[in-house]
Amino acid sequence: ALELKFDVLKKLTYAGIMSYDEIDGDDLPFYVLNELGGSRSLRGYRHGRFYGAYRLSSVNELRWHAFDFDRFGFNTKWEIAAFLDYGMVADDRSDFAAHRLRVAGGVGIRTHFAKDVLTRIDVGFGEEGMRVYVDFGYPF
Numbered sequence: 001a002l003e004l005k006f007d008v009l010k011k012l013t014y015a016g017i018m019s020y021d022e023i024d025g026d027d028l029p030f031y032v033l034n035e036l037g038g039s040r041s042l043r044g045y046r047h048g049r050f051y052g053a054y055r056l057s058s059v060n061e062l063r064w065h066a067f068d069f070d071r072f073g074f075n076t077k078w079e080i081a082a083f084l085d086y087g088m089v090a091d092d093r094s095d096f097a098a099h100r101l102r103v104a105g106g107v108g109i110r111t112h113f114a115k116d117v118l119t120r121i122d123v124g125f126g127e128e129g130m131r132v133y134v135d136f137g138y139p140f
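Take 1 as the starting number for the sequence shown in our numbering and just add one per residue.
Source of the hints: derived by calculation from the structure; they are not laboratory data.
Don't take every hint at face value.
Label-pair restraints from in silico Cβ distances [claimed, not checked]:
#1 L12 with I121: 13 to 21 Å
#2 K115 with D92: 41 to 49 Å
#3 D26 with A114: 45 to 53 Å
#4 I121 with I23: 25 to 33 Å
#5 A1 with F74: 19 to 27 Å
#6 R71 with Y31: 43 to 51 Å
#7 D26 with F74: 51 to 59 Å
#8 L28 with T111: 36 to 44 Å
#9 F72 with L28: 18 to 26 Å
#10 A98 with H65: 16 to 24 Å
#11 L9 with Y31: 13 to 21 Å
Predicted model, so just to flag it, every value in this text is computed and none were measured.
Just so it is clear, CB atoms sit at the ideal spot from N, CA and C, and this is done for glycine as well.
Throw the hints in and build the complete structure from the sequences for me.
Following this line, the structure appears as structure tokens:
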């Protein structure tokens with residue numbers, strides 16, 4: 001996997017990851033195959049929407065540090081993120097083709113509680129409609 005993170009401006013950060021995965025074997029059950037879709041990849045699709053032995057995927061975010069909230073000793077950092085996810089799965093490496101590439105985009109709100117707790121709400125849009133995900137931590 002190739003992961004990048006850098007500041008574009010003072011309060012604007014780009015974060016992204018691109019990965020390729022493959023699983024070898026014959027007649028593998030679906031639950032050991034690579035998947036796409038859900039709160040951590042291809043967020044415009046339901047969890048596990050696409051399965052295959054081979055996966056190419058990328059998750060990209062622009063994160064804007066909107067404001068800090070500090071009242072009564074309770075401190076949170078709020079971010080707004082725009083994201084673009086894309087990827088494909090295949091049962092054979094030769095099945096990778098541009099027309100099989102799926103894309104999802106959307107926006108999210110993130111809150112950092114204390115130092116190590118991040119909650120997020122992401123609203124993703126794909127060819128099959130809209131999905132809303134509530135999760136902990138960044139998608140990657």
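Query raised in the report: Which earlier hints turn out false for this structure, listed by number in ascending order?
Result: 5, 9, 10, 11
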